[in-house]
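Trainee: With the hints in hand, could you dock these two chains into one complex?
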Amino acid sequence: MTAPARPTEAGPRPAPDPGAAAARATAAILRDTLHGTDRGVVVDSPPGAGKSTLVVRAALELAAAGRPLMVVAQTNAQVDDLVLRLAEKEPGLPVGRLHSSDADPYDKALDGLANVRKSAKAADLAGLDVVVSTAAKWAHVKVDEPWRHAIVDEAYQMRSDALLAVAGLFERALFVGDPGQLDPFTIVGGEQWAGLSYDPSASAVTTLLAHNPELPQHRLPVSWRLPASAAPLVSDAFYPYTPFRSGTAAGDRRLAFAVPSDGSGPDRVIDEAAASGWGLLELPARHTPRTDPEAVRALAAVVRRLLERGGAATSERSADPAPLTADRIAVGTAHRDQAAAVRAELVRLGVTDVTVDTANRLQGREFDVTVVLHPLSGRPDATAFHLETGRLCVLASRHRHACVVVCRAGVTELLDDHPSTEPVQLGVTVKFPDGWEANHAVLARLHEHRVPWRP
Amino acid sequence: MSLIATLARLEAVHSGRAQPGATVRHRHLSDRPLVFVPLTTAGEAGAPLGALVGADRRAPRLLAVPQPRDRDLRFAFLAELADVMLPYVDSFAGVVEAAERTDTDPETGKRVKVEVELCADAPQLIVPSRAGIEFVRLLGRSMRFRRTAEQDPEAPHPAPPRVPLLGRWLTHFGERARVPGSSLLLALSDVLAQHWTTGQSGLEDQHLGALLAWIAPPGGASGAEAALRAELERDAAGQLRCPPAGPATDPAFDNKLLAPAIERYDRARQALAAAEDGLTADDRLGALTTAERDVLALVETCALPTWEKVWDGLDLLRTLPEGAHVAERWTRDRWSFTGHRDRILAGEPPQPRRDDAVTAAGKLAAREREQARLDAQEALDDPLVMAGRRLAGEAFAGEVVDVVMAYGEGKRPSPRPLVTVRTEDRPHLAERAKVYRSLGGRPQSAQCVAEEEEGTLLVLRILDKMGRGKEPEAGSVPEKGDLVCFTLFEHEQRGGAKLPDPEQTPWTHGGPPGEESVPEAPDPVTEEDVL
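Chains as they are written, first to last, in my numbering: chain A, 1 to 455; chain B, 1001 to 1531.
Wrong hints could be hidden among the right ones.
[Stated by the list, open to error] Derived BS3-like pairs: lysine-lysine, alpha-carbon spacing no greater than 27 Å straight-line:
1. A/Lys118 to B/Lys1411
2. B/Lys1363 to A/Lys118
3. A/Lys108 to B/Lys1363
4. B/Lys1110 to A/Lys108
5. A/Lys121 to B/Lys1110
6. A/Lys142 to B/Lys1363
7. B/Lys1470 to B/Lys1411
Hints listed in this document are in silico derivations from the structure and should not be mistaken for laboratory results.
Excised from the complex, chain B in its bound form (with noise of 0.2 Å):
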């Protein structure tokens, strides 16, 4: 933990509020993101339980399965998941905006400029919790090779249509999470916990309620009195006030409310397989009927108190204005969503279970400069952001005292002027160092030559951004007087090494990958698979 974020922690505990941990939004928030609380049995991975969903706040669309361990009962629930998540995908799929993208020609091997479509806008999935991210990408991995009758009219138990395409986008949206500052999928309180610091642990921050608490407190009571109650207070029947944010259930509500209404469930429905005329069979629907609401609104009273939370959070980041470079991040989530709707039209294979090794790495470099990208941007937007950073020694800021002109040493002499900047921070300055800061949004280099009065006057020769002629470019040379922030960091990325091809793998990482992986065939069916 920094020690900004330290200090943060100390001064929430001291006040009993949650301390600001930003004063910008980092995270693009979609004007209609769809909202998914799900929720999943316990003790069997993969099993929903059931789900609330849906992009209207009003309007949740209440999703359960009756018997989770039922597997045609849990398609039925993944198909109806289907049709309210397809749609929404779907209707951000056919808004586009012509857009350039560099492509190697393949006949000339040239880069030139094509023009493609980029979708103008891209849904958003939010998630209560970091486990809820997970719990997605399991879904997506559970779906996604499955066959439906119409791919293969052979299989035995085949999915309902549209249940393998959700799989594919749960898996691109579970995928796209990993890669820093990407808004397509969220969990919300991860969001949170880096708008705001809460005088509580990390884990601690994983309780919705719990993080919510610390933030706005009901009632005047201290964040840490109302998270407490978040976390323990219990009705008369024993069960939470306020529910785990899931996926995983409290064990209370596993126990003493969902195991009976699943068993009178279970018992309905054999007694209505065993009914002999119509009559009694009447009667028996009307009880399995009866049965399936009950665990239906068991399911609803559990994730209800989520929904709402969801939507509480997502009002008080609403309340902070978005940072600068947030678009810029935002429309690099419309190509990876534009990139992903073209493959899947142009009718490839779902995402194989395991990258090869050159995905895996073009992956693991992808994310990298993302990382870099986004912790200079942050810093960049927000002024407390920085103060972290400042503190951290990775920049400094001050007043400028001095501006000496000064040249270089080439044929032609370029400006190289040195500006004095008094500064109260320590930055860990090695000999030589390049320092940054943005001018006009473009950063100017500069290299630090001297320290002087114990390093608080800095001497700085700027490096660039002046323009051609012998003199600097007006504005492009800090004047005294003026305040300034320079960073130890690169504020912009340079691009990494091409990687061979997949079909070029080196044999230092096994040669080209074989045949074998690239259709994946679905898991085989077992006899624990059917009940």
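Chain A with its partners taken away, still in its complex shape (with noise of 0.2 Å):
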């Protein structure tokens, strides 16, 4: 999801060079962590614009400058990443990873690594330049004397009151995360506290600049994993007031097949999305269950045809076209039992090892192709749930190479039946875009791209 500053090759492109941007960028963030007098610094990222590797690189800046260094990431699967990368990255460095005390509390490549200790307990941690764990896990520490720095990953899908448990922990921190992606949500009722700036339920960042606004506040300007073709969109969708850009130009990135179209509705979206990195393929309009069985069978027919007819992704990252398989492809759903739904139909076509998860759990993941199932498609109503912003920007924006958006006819007259009615509380900023001006702005675009089909 990164790459290093480039030479930029010939062609039309918004000067100055985006490698360019970004590390001015980041060596701003890097001074004001280092250096800086601010009890935080927050740093915006849109999607792939490398916030992983600048985590990993002020961790390691940090640890270098012998400061101890504790990291707080979400789930399981971000620190066991960020753990991996820290050990490819400088593989001598002492890191901590502090676990629960569970069955497979961690991912077994952690055991292969040298100088990762590992323990569910942070007393056998102490002294080790970094400890990386949950925000749950750290909320169960206790220590006398308070880490000098800390770093908060997806700082933004991190809770008000998870940060409440551990900010006792360290002095000063850097919080990192994407604005645009899905906020933290509580299933009990929270209203009461809605307005407040230290609402429980509101993301981390949100609190944490309502008390401290004059935090420094910096900004990834170029995404490398969006393609040229999908940047533009989810920025202006999702981000009209923070643009980024992509880092790659417009023939950068291609795709190709092996096998030509066979002329079905599958393979007219796949050649569309190959050419343009957008497709939409439009079922006729219906009101259906949410595992709407034509759509499942549609989206796990569009990934067997993705596989079958032999796709080779052309990027800056090689010069040789990389094979498209299963791995690189995600199937992103709004719902569980839709998920659950199309891996049933993958495993009935014989197709394996195809990503399929909700948008919630494809947050901060890569894929080279992306299909999606519209939030909207075939329902009769249009939810708060199903417009919010976030699961929209989440599912376009987990690919770089192109992005098939499965859905039924008719969700712009739904969007103009169901204009937002969530009630307005005092106090808490308005977001905007809401979700149904963002589901407007996307469908407007994938129209441009569209390919009716009757199953």
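Mentor: Next comes the structure, spelled out in structure tokens:
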């Protein structure tokens, strides 16, 4: 998901060079983190802008400066991923992986790393340069002397109350996250605290900035993941006031297939997506149950054809095209039962190793091609859950090459029938764009790449 | 809405009767609940119009405010309400049993058991609908910061004694009602709608009359017709035959009956004030009393149908046997009641206007834990609720078709038998997912190790609750032919992480709360407060 600053090839491209712009932003962040006087630094990162690379780099520099560092991530998968990246970059660095006392608490790959110590007790890891764990685990740790520094990863997905439980552990912190992804939520009502600066169900960054508005805020300006075809759409629809751009130019990424199209809907939408980066496979309008069988079959059919047609992805990473294999493809849905239905259908078609998951669980992940079931497809209503900007943003920003959206016709009309009706809470900053606006923006663009299909 | 709820609604529409949504009662019902049917004044937030309140169906106490905008009359109403509610609450505060609680010893910092009192039972407040709970909160908020003449002799408009105390109790009831599964304050329409599924929308279920019409339609009519009648039918004078459960009243009632009656009361009062001699005053006092009685009678006609319906609804709920975990949850309600009783006895100030950061986070965490616990307990207590979870892929039931003994890999081999279950359910099992079943009330966990025959055969490795020996204890492993039900969700909740003390609130959350918020001052009296 990252690329070193590269010299630009010829061709029309906005100045300055994206590599240079990103490097400048990173340098400013590291300067504030290492030498600034503020207790916190906030970094907003659009999808695939090198957030993990930044975290690893900041961790290494802080460790090199002799500051004991704790790293807070949100899930065990994120923690393991960070530890692996740290060890890859600096194999000699003593790293602690604080884990839970459940069975299989961490990725077995960590066992092969010589300088990574793993324990369920923080005391066993005392004195190590970097200790990494989840916010939930850190909340149980007690210390006499706080850490000099902390890095909080995915801070926009962390809830304010989770930060409250761990903030006593560190003196200063670097908060990194993507404001456009899914907000944290609670299953029980928290309206009584809406509008309070420390609303426990708000995001950690919201609370932090409400109480410390003077903290320096930075932004990573370049998405290395999203291709030139996707960055403008995602930026316009979800980040209208903090635009970013793609690190690659229009011709840098190509997707080609060895087997020609058989003229079916799935094949036509695959070709459209390969050519333009986006494809909308539109099924006839209909109200359906959540696990719409036709849509599920369409998703599975697109995945199968992607694999059968022998795809090859050319990118700036290497001179030779890389084969489009199952592990480079993901299916994204809004609900878990939808994901389960797609998984079952793929098993029936004999397709394995394709990631199928909900938007929540796809956050932070990256694939070459994604096939997405539109959250509003077939629905009679547009609830706040299905309209949530972050959900659509996550689903539309996981791919390096192309994204195919499967959707029933009629979502535009559905949106027009259901304008946002969420109650306005005093003291709560209204998020803009709202889900309604963002959905319309995305649909308008997707309609240019529409392939109607009656299965 | 879950799939099973959708199906039940379709069935209700088809059959014309509400369908069971539960086979047991999932909320505690007191033997002696206090039913509270409040009415409020249109367009005047927090101005009660009247109420029926009482613990005896045959003897409701009627309270009314003949001029709702008059603060003195409002206080008189609230004082009367306190006279009914506080003795009821107090009657539970005195009966205690000994209990143990784990506390941190202030000297050693260790967790020690301490002997404390626990109230043997707790009061239970029943309001007709969800809006009634909001109204209880509103009343609590408007009363708990008032000062009585005794507390503050300088106060220009002192509240009658006990009114601030009632405010604190109502605030506690309202706050407790936010905890999932609690029963100190219940909205009857919510509880009924949980136990019966009607053929109308959730919003329509908020109308108590329509809801009861679906559950028990009078005279063999269909539920839909009866519900429509309950919502719309008016008498010759244009008044609803089934007034809304409140606290809001019907506009036709407000405009045609209530407003003229209040106006008559106002005029009678002005006339009395203008009386110049004793004889006229006597006459005019008589007119005032009549006008006051008229308003009272109107409030009664408006609230009495709801009062009757609430008791009908309670009778319906009592026909269901209590769920197995209900008593355990009620015990937590009793702890909550005892705790607040102790805070009042200790002379602590009323609940603050806003929670501080730590309190808010603590409450949210507790409620999330309670919600997860409630969801699990309701499913374990009730096969119909479990059926909904099975349909949603969160549980599965089936027959054990094979048991193979196996052992773990540790130094001391412990039993890890493999149990094969045949099921027609379609659980959303991730790879090596953990599943749980209830074994004598305690959760036994297992791991799904294989799916065979397109997921109809599940091989589970039992992980615990088999004793310490090499052989599992008798009855701890399912046997061939047993019917078992496993859930994908855990049955018990772990305690959350400890939050810092409020004085230790970190810099990210604004630091420790300032002193000014600790003893809350009442709102300053403005010109609008006094007519």
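Trainee: Work down the list of hints and note, for each, if the structure agrees.
Mentor: Each hint tested on the structure:
Among the hinted pairs, A/Lys118 with B/Lys1411 is consistent with the structure: their alpha-carbon atoms are about 22 Å apart, no more than 27 Å. Pair hint B/Lys1363 plus A/Lys118 does not hold up; C-alpha atoms about 33 Å apart against a cutoff of 27 Å. Straight-line distance between C-alpha atoms of A/Lys108 and B/Lys1363 comes to about 37 Å, which puts the hinted pair past the 27 Å bound. For the hint pairing B/Lys1110 with A/Lys108, the CA-to-CA distance comes to about 37 Å; that exceeds 27 Å, so the pair is violated.
For a cut-off of 27 Å, the pair hint linking A/Lys121 to B/Lys1110 stands: about 20 Å separates their Cα positions. The suggested pairing of A/Lys142 with B/Lys1363 holds, with an alpha-carbon distance near 22 Å, which does not exceed 27 Å. This hinted pair checks out: B/Lys1470 and B/Lys1411 have alpha carbons roughly 12 Å apart, not beyond 27 Å.
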